[in-house]
Every structure is written in structure tokens, then in C-alpha cells.
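Residue-level listing of the chains:
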Amino acid sequence: MYAYIVRRVVYAFFILIGVNLITFALFFKVNTPDDIARLQLGVKYVTPEAIAKWKSDRGYDKPLVYNGGAEGRHKFTDTIYFEKSVEMFRFNFGRADDGRDIAYEISTRMWPSLALAVPVFLVGLLLQITFALMMAFFRATYIDFWGVVLCVVMMSISGLFYIIGGQYLISKLWNLVPISGYVEGFDALKFLLLPVAVGVIGGIGSGARWYRTIFLEEVGKDYVRTARAKGLSEVVVFFRHILRNAMIPILTGAVVAIPLLFMGSLVAESFFGIPGLGSYTIEAIQAQDFAVVRSMVFIGSVLYILGLLLTDISYTLVDPRVRFE
Amino acid sequence: MPILPVILWTDALVYILLAAVAGFVWYVRRHEHLRAPWWRVAQTPAAMSALVLLAAFMFAGLLDSVHFRLALPATPATQEGKDAPRSVAYAVEVKSVLDVLLSSIANRPERTYSAPLATHAYAKETVEVQGADGKFVKQVRDYPRLKYGGAHLTDPQREWRSDVTLSAFRGLALALPLWLLLSLFLVAACTPLEQVASRDFWRDVWGGKTEVPWRAVLITLAGVLLVIVPVVFLSGRYHVLGTDKVGLDVLYLSLKSVRTALVIGTLTTLVMLPFSVLLGIMAGYLRGLADDVIQYFYTTLNSIPAVLLIAAAVLALQVYIETHPGMFPTAAQRADFRLLWLCIILGVTSWTGLCRLLRGEALKLRELEYVQAAQAFGVSQWRIMLRHILPNVMHIVLISVVMDFSGLVLAEAVLSYVGVGVDPAMISFGTMINAARLEMGREPMVWWSLASAFVFMLALVLAANLFADAVRDAFDPRVRIGGRKMRLTGEA
Chain A
110 MYAYIVRRVV
120 YAFFILIGVN
130 LITFALFFKV
140 NTPDDIARLQ
150 LGVKYVTPEA
160 IAKWKSDRGY
170 DKPLVYNGGA
180 EGRHKFTDTI
190 YFEKSVEMFR
200 FNFGRADDGR
210 DIAYEISTRM
220 WPSLALAVPV
230 FLVGLLLQIT
240 FALMMAFFRA
250 TYIDFWGVVL
260 CVVMMSISGL
270 FYIIGGQYLI
280 SKLWNLVPIS
290 GYVEGFDALK
300 FLLLPVAVGV
310 IGGIGSGARW
320 YRTIFLEEVG
330 KDYVRTARAK
340 GLSEVVVFFR
350 HILRNAMIPI
360 LTGAVVAIPL
370 LFMGSLVAES
380 FFGIPGLGSY
390 TIEAIQAQDF
400 AVVRSMVFIG
410 SVLYILGLLL
420 TDISYTLVDP
430 RVRFE
Chain B
-18 MPILPVILWT
-8 DALVYILLAA
2 VAGFVWYVRR
12 HEHLRAPWWR
22 VAQTPAAMSA
32 LVLLAAFMFA
42 GLLDSVHFRL
52 ALPATPATQE
62 GKDAPRSVAY
72 AVEVKSVLDV
82 LLSSIANRPE
92 RTYSAPLATH
102 AYAKETVEVQ
112 GADGKFVKQV
122 RDYPRLKYGG
132 AHLTDPQREW
142 RSDVTLSAFR
152 GLALALPLWL
162 LLSLFLVAAC
172 TPLEQVASRD
182 FWRDVWGGKT
192 EVPWRAVLIT
202 LAGVLLVIVP
212 VVFLSGRYHV
222 LGTDKVGLDV
232 LYLSLKSVRT
242 ALVIGTLTTL
252 VMLPFSVLLG
262 IMAGYLRGLA
272 DDVIQYFYTT
282 LNSIPAVLLI
292 AAAVLALQVY
302 IETHPGMFPT
312 AAQRADFRLL
322 WLCIILGVTS
332 WTGLCRLLRG
342 EALKLRELEY
352 VQAAQAFGVS
362 QWRIMLRHIL
372 PNVMHIVLIS
382 VVMDFSGLVL
392 AEAVLSYVGV
402 GVDPAMISFG
412 TMINAARLEM
422 GREPMVWWSL
432 ASAFVFMLAL
442 VLAANLFADA
452 VRDAFDPRVR
462 IGGRKMRLTG
472 EA
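In order, the protein sequences belong to chains A and B.
In this text, residue positions in the first sequence follow the numbering used here: the first is 110, and each later residue adds one.
In this text, residue positions in the second sequence follow the numbering used here: the first is -18, and each later residue adds one.
Rather than coming from a laboratory, the hints here were simulated on the basis of the structure.
Given the structure is predicted, the values throughout are model-derived calculations rather than measurements.
Cβ atoms here follow ideal geometry from the backbone N, Cα and C, with glycine treated the same way.
It cannot be assumed that every hint is accurate.
Unchecked claim - Derived contacts from chain B toward chain A, CB cut-off under 8 Å, selection only:
id, residue
1, L44
2, L153
3, S164
4, L167
5, Y277
6, I285
7, T304
8, H305
9, S387
10, L391
11, A394
12, V395
13, Y398
14, G400
15, I414
16, L443
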């Protein structure tokens, strides 16, 4: 198994290089620094000097991949590709357009993001599984039918409306919690309550329906029939046999999302004014701050690949039948 | 010629899509094994009801996909030079057939917000009160009358209620015969005439015993007509869903958003479909190096967070548009190009799922006897992929196309909120929500824009979800087997 994991890590590294090349192409070949400078400084009436100054302030005035004028290894290191893209592998992200250190911003904004994303993930998963369990246990009855109908209706509503509706109902009409904002420490609870609730409710529809199909797939299997033939009661069959086996695909499927929790939620964070990585990304997109967007692309990819790796490992841990060559 | 037809990029793709669907229908009708699953879809009441609703949306979307520029009235200068060849100047504004049909509600802007069916503005303003002799008397703070909404009423406080109810009732009264006519036409078009003429057949329809669930279809049709016809009647004199910040009719905005949503939902998957099908089958069938390269390619693309990739691509497009103003003579063409680009880039981020599924299926299929037989006969690899693998994975392609639709419609709203969705000038559900969400804090609250976007989106997405579920159940062999087992255990 260790050989397998090592191979996966090496493969992940190659994928990261691919991601790095794609983002480099997007941000320096498709959108050249000149274009970005022109967009930032106002398209019309911009002088070449202003563009040159903008570029040199941010270190974009070097050759893209090969610096013929430099000496020795500086031919390759003294270039935009090396300084802006390769450095990211060392988690050296440089500075945003407003001059702030991106790595520092990320390390401070990570915590509010996690404070929102982790409860949403855990409570959401628990509720989805419970709801799915209920529908699967009462399968082919009215409870199941109307449960599925409710799920389909809930997943047909845009997440934006859950947020807007929650803010209106809980904060504005009933005045229970603040509409938006955030403070450090324990007081954050009252700011997080509503976003977490909204996030959980918004995810129930699709999640519960998906897990229901997993449960039902398990219900049809032979070992369940064997368990019934032994004379076990339906409750025991369901909670001891089906639930345990269905948890394998459910949990391994959820693992991939865990690392990405760091990235936070784009929409919820900006709606609720939580200073996490999601709102950081949105602000960067709206301010067209390419240095930040580039860093977030890189981090997001690293986390996703980490998630894939964890998924593979969790398969081997949970299911002894799974063997990798 | 008074109009200059304009075919926008997305229009062209919509026409191609329409032709493809027509061809597909023709092909399916001639093949028994393809007709069978569609027949199962046609027997699902929820799917058929959803189809009625979807058809109404699609009708609006198609009308909105025929664009043209109106000729400007000849100026005196052109009239004078009679000998010179007449050159007609066309308006810069690109209109669609839907715009023309809705011109009565589109061209009646109020000053700012007004509530649904209101006769007075939403906020108080300083109004000049005139005496009986028409002279200026004094200024008071009051709700001013709207310019168009209920403008025909002389005393709105007294007449408004009866006028609105009367218009609505007139609409309802017309909806009923219209519904009878349409249902007769619809049923007659799909069943043999002698059946339609018999009384037993109609008894079965109302008893819900027909194979095609006509009862569900006709009830949905009645519901749709009972909403549409009164709204048409009322919209002549009121803003049925109110007006937004700049005084535009919200009903008009909602109807225009339908096309944007449909285009994003359908074109996104179709733009990338050839690539994902080709690459997925190649990876699964050819194995070896091709498999490695393709897998590497889609895992890499998949690793980049979708929103950020879209953001980067949309920013790139903005730069491109700014530097190439000559390519986009009208604002509509610019907005349309951005919509197309959004479809493409959304497709790039979402094609990998289908590609992986097809690879897995092709891996299974290549070991089957009929493929091995083809190989033994010396059929070329490309021919095997085209004739033997492709037809047998088409159900997966179809399922994923219909399943993706609703998710993409929802994604558009979120992306537009983030600022990397459609052009801000393009009317869509996302831009509507975005503009309306800041008005939550107002007192009294401006709720009608959000409510309209909510209702329209829910209707569209819910219908799409119900239809997609029926298609999946009919085409996915695994689900059907599971379903049968489920019923057995349910009885036990």
C-alpha cells in the first residue's frame, strides 16, 4: 500500500505542475501583464510609461520564461514564470496588488472560513444521512415519496434564496441574530449561527436524495436477504447490516471535500460578511487582483489533489477488498 | 427592408441544437429499441407535467432567440437625395421577437420602484397639487401616480379593486375555452381520431387510465393557462410584477431571463459534448498511452477550482473585448459573446465528469463478445468506437445532459453574483437577484423582484429536475433493476 501511496503522491505532483502551467498560461499568456495593467489603469488614455511603472512595481517587467540577459542559472530564475509560478510550490505567494502579503492574509483568513465550513460540513452530513436513512427505512411508503418530493423541491431552489430568505426571516423579521458581520473569539458564535443553518439546509435536498439511492442500492444486495432469512428483525437488518455497509461509499465520498473546507464558501461568506478565504477570493475577483486569484487557484488545486489522495487512502483503510496494483 | 436579421452566436447554436433535436426525434421514431425508453418517459405523469411547463419556457426562449435590428425612419437628408442609392440606417439596438411581442410592457418605464399591480409609486415624493382651475396650489409629500400602471383609472382608490378583478376574471374566462381547444388539439394530435371521438376514451382520461398520463398533462396545461391569460390581460394596464429600480417591468425582465437560463443550461453541455465523448471513449477503448494522457488532462483541469477558472477566463475575455472593440458593434453582440464564452468555460469545468463515466463504460464494453468479434473481423479501431461503443454509451450521454441542465441554471445565478457570470447588461436571473438583494434592507421591503426570480427559477429548475429524473429512470438499466428489487423487498 505504501508503494501505491508514494506513486499517487508523485502523480499528484505532476498534476500540480500541469495546474501551474495552465494558470501561468491563463494569467501571463492569455491575459498578459500589459493587458492587466491597462485594465487596472483605465483602458483609454493610458501612457506606456504608466504601464511600465505598474509592471515594475509588481515585478512583471521581466521576460516570461527565459532571461537571455542574465547570468548562469539566473537565465531561468530571473523570469516571471519562476518568480510568480514556481515560487508558489514553496507557498511563497508574493504580494497582492494593494501591497499586502498574500500568505499572511491566507493564514489569518483561514480560521473564519473553517469556523463556518467545518460545522456546515459535519452537521450537514449528519442531517443528510439521517434524513436519507429515514426515507430508505420507510421506502416505498408515503414518507419516502414525500421525502423525495421535498428533496427535489429543496434542491431546485438556488442557494442564494436560502441565504436571502434566512437573513430576512431570522435577522430582519425576528431579530434573533445579526444579519452579517464577524468578530474573533467566542462571540463569533452568534454571527455563525445563521450562516451554518442556511448552509446546512441548502445542502440537505441533494445530499439526502443521493444518500438515499446509496442506501437503496445496499438494500437490494444478497447479504441483506441472507440477514432477513436468518430471521433478523427489519430494524436490526437495517441498522446493523445496511447502515454499516452503506457508510463505506458515503464516508469515502465525503473525504474528498474535507481539504477544500479551507477554501471556505464564496457566496455565503460574502453575503454574511465573514472575513474568510471565500470572501477574499470574491474581493480579488471583483478588484481584478490577479496575484490573489492565482494564489487561490494554486491552493485550491493542492487541496483538491490532497482530497483525492485521502479518498484513495480511505478506500484502502475502510474496505479490505480494495487492493491497488 | 424594414428589418435587418441579426444572428448572434448563441442564436446560431440554438438553431443547430433545435435541428439536432429534430433529427434525434426522427431517428428515435424509426428505431424500436430507442423508442421504448422514451415511451416509458411519456408514461410518467410528473415528467409529462414538467414537459408542459418546460415547453412554455422553451417557447419564450425560442421567441427570444430570433434577433433583428429595426430600420430607423428615413431622415430628411436621405429623402432629399432621391437619385442616390438608398441606404437604410438600422437601429443600434438588437431586438428579438419576444421584445416586439412584449413591447407593450417593455416600453413603459416608470421612474423607479413600484409594487405589483400598483397605481402609485412605492416611495413618497413631493407632488404639486393643483386646484380646480389648474393652477398650482401647494406642494405635498405623497405617493405620486405611476405614469403607466393603472393610468386609465380616474379614481384609483375606488376603482382599482374592481378593475383588477374584472380584468383577471376576463382572463380566466378566456383561459377556459382556450384550454379546451388546446387540449382537444393536443390529444387529437397524439392519438388515433376514432379514439378521441369515443366517450370511453375521455372517461379513461379523467380516470387517469390512459397510457400517456393525459390527465396530468391537461391539468398542468390548465394551470399554466390560468396563470398566463389573466396576466396577459392585466399586463396591458398594470405592471403585474411591479417595476425595478430603474422602472423596468419585472415581468419583462423575468421572461427575458428565461432565454439566458435555457442557453446556459443547454449549450454548456453541448459545446463540450463532442470532446468529452471522443476523449472518454478513446481513453477507455484504446487504453495505454492515450488513456494516461487523457486521464492526466482531465484530472489536471478538474483540480482547478471551477469558480476560479471561470473567473480567470472571464477576466481574460474582458481584456479581449476591451482591446478589440471593433469586433462587437452592438452591446447585445458583446453580451452575447460573453454568454457564449461563459458556456464554453462552464463546459470546460464540467465535462470531466462525463468523460470519466464514459471511460469507465468503454473499459467494460471493450471486453464484451461483440466488440471482440468486431476486432476478430478486422474492423478498424475508429469504426469499432463509432459503431459499437458510441451507440452503447449514448444513454449515459443523454442522462448527463438532462441531469446537468438544472445545476447549470442555478450556477449562472451564483456566478453572476460573484461577478464572473453573464454581462451585467444581459438580463438573467443572476443579475436580477444581484440587483434586488441590496433592496432587502428597505422599509417597506422591495420583495417583488426577488419573488419573481424565485418563482420563475423554481418552476424552471423543478420541471427540469422532474423531467431529468424520469429520463434517468427510463434509460439507466441499473436503476431499473434496483427499482424492481426495491419493490420486491417493499412487499416482503
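Now for the hints, and whether the structure bears them out:
1. L44: Violated, because the Cβ-Cβ distance from L44 of chain B to chain A comes to roughly 24 Å (cut-off 8 Å).
2. L153: 27 Å, violated
3. S164: 26 Å, violated
4. L167: 26 Å, violated
5. Y277: 7 Å, holds
6. I285: At about 5 Å, which falls below the 8 Å cut-off, the nearest Cβ of chain A leaves the hint on I285 of chain B intact, so it holds.
7. T304: For T304 of chain B, the interface hint holds, since the closest Cβ of chain A sits about 7 Å away, which is under 8 Å.
8. H305: Result: violated, 11 Å to nearest chain A Cβ.
9. S387: S387 of chain B check passes; min Cβ-Cβ to chain A is 7 Å, inside 8 Å.
10. L391: Status holds, d = 5 Å.
11. A394: Nearest chain A Cβ about 5 Å off; hint holds.
12. V395: 6 Å, holds
13. Y398: 6 Å, holds
14. G400: For G400 of chain B, the interface hint holds, since the closest Cβ of chain A sits about 5 Å away, which is under 8 Å.
15. I414: Cβ of I414 of chain B sits 5 Å from chain A, so the hint holds.
16. L443: This hint holds: L443 of chain B lies near chain A, its Cβ roughly 4 Å from the closest one there, short of 8 Å.
The structure shown violates the earlier hints numbered 1, 2, 3, 4, 8.
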